[in-house]
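**Q** Protein chains in written order, with numbering that gives the first Met the number 0: chain A, 0 to 185; chain B, 0 to 451.
Calculated directly from the structure, the hints in this document are not laboratory data.
Predicted model, so just to flag it, every value in this text is computed and none were measured.
Incorrect hints may have been included.
Pairs of lysine to aspartate or glutamate residues, derived as DMTMM-like cross-links and limited to a Cα-Cα distance of at most 20 Å, are as follows [stated by the list, open to error]:
1. A:K72 with B:E385
2. A:K76 with A:D110
3. A:K76 with B:D426
4. A:K76 with B:D84
5. B:K28 with B:D84
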Amino acid sequence: MSRLNSKRLVLDASLALGSNDLMFDPRDDAAGNRNRRCLEAAWEEEHVAVFNRQLQREWRDHASPSATAWLQKMVQKSRTVVDEGNDFSRLLQPACDYLPSAGEKADLAKDFHLVQSALATEQLILSNEMRFPRHVTRVCAAVPELAQLYYGSPGIEGEDCRLWIKAGADKEPGRRIDNWFANHQP
Amino acid sequence: MAVHPSNWHLYGPGITRIAVTGFKSLATKADVEIRPLTVLAGANSSGKSSLMQSLLLMKQTFDNERIPPGPFWLTGELAAYTSADQFLTIDPKQPDAAKRLMIELEAEGDWVELSFVRTSESDLAVAGTASREAGGERTWKLSRDTSPEVLQEILASAPGRMANEPLSRPTKLLPGPDRCLLGVAVEFADAPTIPIFHRPEVLRLRNKVQDILYVSGLRGSSDREFYLHGLPSAGSFPGNFEDYVPSILEEWKNDSTQTGQGYVNLNTMREALQLLELASDIQTRKLNESQIEVRVTRTLKGNSKDLVNVADVGLAVSQILPPLVALTLAHPKQLVYIEQPELHLHPRAQWKLARLLAQASNRGVRLVIETHSSLLLRGILTEIAEDRIANEKVILHWFERDKETGLSTVRPAEPDSAGRVGEWPEDFSDVELKSDSQYLDAVEKKLYTEAK
């Protein structure tokens with residue numbers, strides 16, 4: 000059993016891709032360093048990583064060696080769960096219908112598996128994608144369930160994602176996806 | 000000596016549980032389930048070896064033909080003490096109190112408990128032997144004050160007793176120590192010897208202990224020549240198993256007909272060495288009537304003409320030979336205890352070794368390994384996840400030692416069918432992640448400093 004205050008987190012493959020190793024010069028990869036530290040924080044606080052089939056495939060395809068080592072240890076400790084969140088697939092169509100362009104619809108559809116798994120668990124998503132929170136924030140008006148999502152982005156300097164994970168990844172108002180995007184939009 | 004598989008059923012049930020109380024840091028009962036593949040892990044000096052050392056002390060005592068002065072032969076090849084006080088747990092709060100040692104063994108239903116006591120006035124002595132036969136309801140308790148009626152009942156059930164002997168002559172029955180067991184001693188008025196009898200389950204478990212194949216973590220360096228040993232006809236090897244390895248290989252070679260088990264075993268050895276990427280062939284050559292050499296191919300693709308003495312190749316070959324021979328030789332249900340099977344192996348070979356352990360366990364061998372290798376552990380869990388060994392056949396025991404009291408605790412973990420072990424306190428992963436992290440942080444710090 001994990002700690003009492005541990006959470007189930009959906010960790011987008013962008014964290015695994017950017018979780019730096021020495022094959023990258025760390026001077027050019029400060030964001031990668033923050034990704035790695037966030038994964039370590041999730042390990043230290045005994046949080047659980049939520050996967051679905053697509054997310055698992057993306058991790059396998061893109062994870063850096065250190066992220067792969069992290070995942071192996073998480074799996075061995077039974078700190079991963081699989082939840083496809085199929086009950087929430089019904090939200091994809093109304094969400095896409097609300098977005099005006101085909102490109103935006105495709106973007107949201109591509110990452111909607113993260114939304115499904117997060118809604119089915121503890122509504123917590125970590126990702127370095129900026130388009131994703133933008134699209135989700137926009138469609139919250141039409142699909143209010145999506146406003147229940149909480150977001151963290153380790154790659155952004157000063158975003159303090161690691162501290163949030165270390166403190167228990169609680170649902171702080173500032174991390175609700177619409178509020179988060181309002182504070183971090185480029 | 001190479002036992003044909005058709006005779007394996009003769010060896011009876013294997014050990015399924017060991018519980019030890021009062022041995023070194025095992026102050027409270029360390030109760031350990033033994034499955035076909037049992038992994039003991041934990042920090043240094045956490046008590047992993049202590050559990051099995053108590054059994055090795057028993058084996059050493061049973062192996063020795065001479066009668067020990069107390070319950071155990073303290074000094075030998077498997078365990079070396081000069082006084083029982085060196086292994087009896089000391090209660091720091093009552094250092095002068097009587098010290099008690101209890102060893103419980105279970106083999107598929109048969110159960111035996113041996114108890115010993117050491118007081119300030121007396122040396123370590125057998126205090127009692129309790130047992131229960133598989134399927135039986137009665138627990139037989141034999142102590143120094145067991146009544147003559149119970150002694151008579153135990154005697155009546157003991158194998159090896161001449162059917163009418165105790166009845167036809169005047170006798171006196173007493174509880175009698177027999178090395179580390181307490182049995183029924185039969186004093187005949189007209190005979191100088193006093194035979195001692197035991198319940199059948201006690202004898203079966205005694206045989207199980209004697210049959211243990213022990214491959215020590217302190218394996219000798221590779222010699223050029225080895226003395227030939229006579230080999231026992233059954234599976235019990237007195238003393239250090241490693242000493243028999245070249246002779247076993249020689250016997251397998253001499254049994255190399257198409258149908259001979261020795262030929263099959265040698266082939267198994269070759270396949271194992273190939274899997275570990277250490278050699279493609281292994282052979283022995285008799286140098287004279289008392290000495291042989293072990294030769295292996297220098298390369299993975301080497302043929303049988305490309306053989307060199309085992310002392311002339313990497314240390315990994317000579318270090319892995321005793322574990323591989325034990326895995327190949329052991330009959331189903333025989334307990335094979337290997338300390339650090341991964342010694343001197345390249346990480347790839349450590350990982351692949353898991354396949355060989357799984358194969359032996361699937362053959363029915365009861366394998367207990369003590370390891371510090373996270374790669375070997377991961378290999379075993381991978382074997383489960385890839386369905387090469389059922390998760391029910393594997394159990395992991397993590398030993399921890401309290402920093403203040405120095406006493407050990409054991410926590411088991413049963414892998415699920417996906418090879419996951421949950422929140423088992425294994426700390427290999429923590430150490431690896433922290434060392435990775437510290438290295439990356441240090442490199443980054445240095446590079447940033449240089450860039451400024």
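**Q** Now tell me if each hint is right for this structure.
**A** Hints, verified against the model:
no. : hint              : in the structure
1   : A:K72 with B:E385 : holds, 17 Å
2   : A:K76 with A:D110 : violated, 27 Å
3   : A:K76 with B:D426 : holds, 11 Å
4   : A:K76 with B:D84  : violated, 40 Å
5   : B:K28 with B:D84  : holds, 18 Å
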